[in-house]
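Novice: Sequence:
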Amino acid sequence: MILRLSQKLNKKIKAGKLSEMSLDENPYADWSCHLFTADRTQYIIMSNTASLYSCVMFGKGITNDGLFIQLALNAIREFMEDDGQQFAYRKFIAPESGAIEFAKALNRSVTGSMNDHVQATKFYLADDMTPSEIGYRLNETPLSALTNADGRKYAKPREVFKRLMGDQSSPSAS
Numbered sequence: 002m003i004l005r006l007s008q009k010l011n012k013k014i015k016a017g018k019l020s021e022m023s024l025d026e027n028p029y030a031d032w033s034c035h036l037f038t039a040d041r042t043q044y045i046i047m048s049n050t051a052s053l054y055s056c057v058m059f060g061k062g063i064t065n066d067g068l069f070i071q072l073a074l075n076a077i078r079e080f081m082e083d084d085g086q087q088f089a090y091r092k093f094i095a096p097e098s099g100a101i102e103f104a105k106a107l108n109r110s111v112t113g114s115m116n117d118h119v120q121a122t123k124f125y126l127a128d129d130m131t132p133s134e135i136g137y138r139l140n141e142t143p144l145s146a147l148t149n150a151d152g153r154k155y156a157k158p159r160e161v162f163k164r165l166m167g168d169q170s171s172p173s174a175s
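Take any residue in the sequence shown, note its place counting from 1, add 1, and you have its number in our numbering.
Treat the hints with care, as some may be off.
Unchecked claim - Straight-line distance between alpha carbons at most 27 Å, and here's what the computed DSSO-like set of lysine-lysine pairs gives:
1. LYS18 - LYS105
2. LYS92 - LYS105
3. LYS105 - LYS154
4. LYS123 - LYS154
5. LYS105 - LYS15
6. LYS123 - LYS157
7. LYS12 - LYS157
8. LYS123 - LYS163
9. LYS123 - LYS13
10. LYS105 - LYS9
11. LYS61 - LYS123
12. LYS123 - LYS105
13. LYS61 - LYS105
14. LYS105 - LYS12
15. LYS157 - LYS92
16. LYS9 - LYS123
17. LYS13 - LYS61
18. LYS105 - LYS163
19. LYS105 - LYS157
20. LYS18 - LYS61
21. LYS61 - LYS15
22. LYS92 - LYS12
23. LYS105 - LYS13
24. LYS15 - LYS123
25. LYS163 - LYS92
26. LYS61 - LYS9
These are calculated hints, taken from the structure and not from any lab test. All values reported here derive from a predicted model rather than from experimental measurement.
Please work from the sequences and hints to get the whole structure.
Specialist: In structure tokens form, the structure reads like this:
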């Protein structure tokens with residue numbers, strides 16, 4: 002599993018020098034992570050690199066890479082379970098979580114889309130939404146970096162995430 006860290010997050014958790022890596026062959030097991038501050042509180046946004054399906058968690062108290070991995074995986078799992086994606090988590094992410102590699106951001110398209118998500122998150126936080134509520138909103142917001150099922154620009158991260166492995170991500174496909 003690949004966790005792609007922003008420079009700011011890498012500095013906070015002291016993960017060391019980050020290498021460049023291509024997208025994981027299992028697109029569910031590749032996540033981009035960024036630390037940001039809103040109203041003097043630290044948050045971490047984690048976005049599936051291929052689909053930009055995202056969740057947000059608090060960043061306070063995370064001081065090393067081991068704790069970050071533990072809390073990030075818990076946040077992803079809990080959010081996906083609440084969002085009805087528990088099958089995809091158990092089948093495609095959990096088996097990959099035993100071997101975590103840190104890497105640099107994949108490309109500017111992912112970084113730019115995550116920056117858009119961060120700006121939206123700050124807006125939602127000012128409206129007193131919880132991090133989990135924000136995740137639902139972000140995943141229903143069309144992004145120009147994503148293509149829909151018809152190959153057109155502007156797709157919703159949740160829809161793209163569900164399409165990553167075709168029909169394999171639903172229990173009826175196994």
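Novice: With reference to the structure, classify each hint as holding or not holding.
Specialist: Evaluation of the provided hints:
no.	hint	result
1	LYS18 - LYS105	holds (9 Å)
2	LYS92 - LYS105	holds (25 Å)
3	LYS105 - LYS154	holds (25 Å)
4	LYS123 - LYS154	holds (25 Å)
5	LYS105 - LYS15	holds (14 Å)
6	LYS123 - LYS157	holds (19 Å)
7	LYS12 - LYS157	violated (31 Å)
8	LYS123 - LYS163	holds (26 Å)
9	LYS123 - LYS13	holds (20 Å)
10	LYS105 - LYS9	holds (12 Å)
11	LYS61 - LYS123	holds (16 Å)
12	LYS123 - LYS105	holds (24 Å)
13	LYS61 - LYS105	holds (22 Å)
14	LYS105 - LYS12	holds (12 Å)
15	LYS157 - LYS92	holds (22 Å)
16	LYS9 - LYS123	holds (17 Å)
17	LYS13 - LYS61	holds (10 Å)
18	LYS105 - LYS163	holds (25 Å)
19	LYS105 - LYS157	holds (24 Å)
20	LYS18 - LYS61	holds (23 Å)
21	LYS61 - LYS15	holds (15 Å)
22	LYS92 - LYS12	violated (32 Å)
23	LYS105 - LYS13	holds (15 Å)
24	LYS15 - LYS123	holds (25 Å)
25	LYS163 - LYS92	holds (13 Å)
26	LYS61 - LYS9	holds (14 Å)
Going down the numbered hints, you'll see the structure goes against 7, 22, while the others check out.
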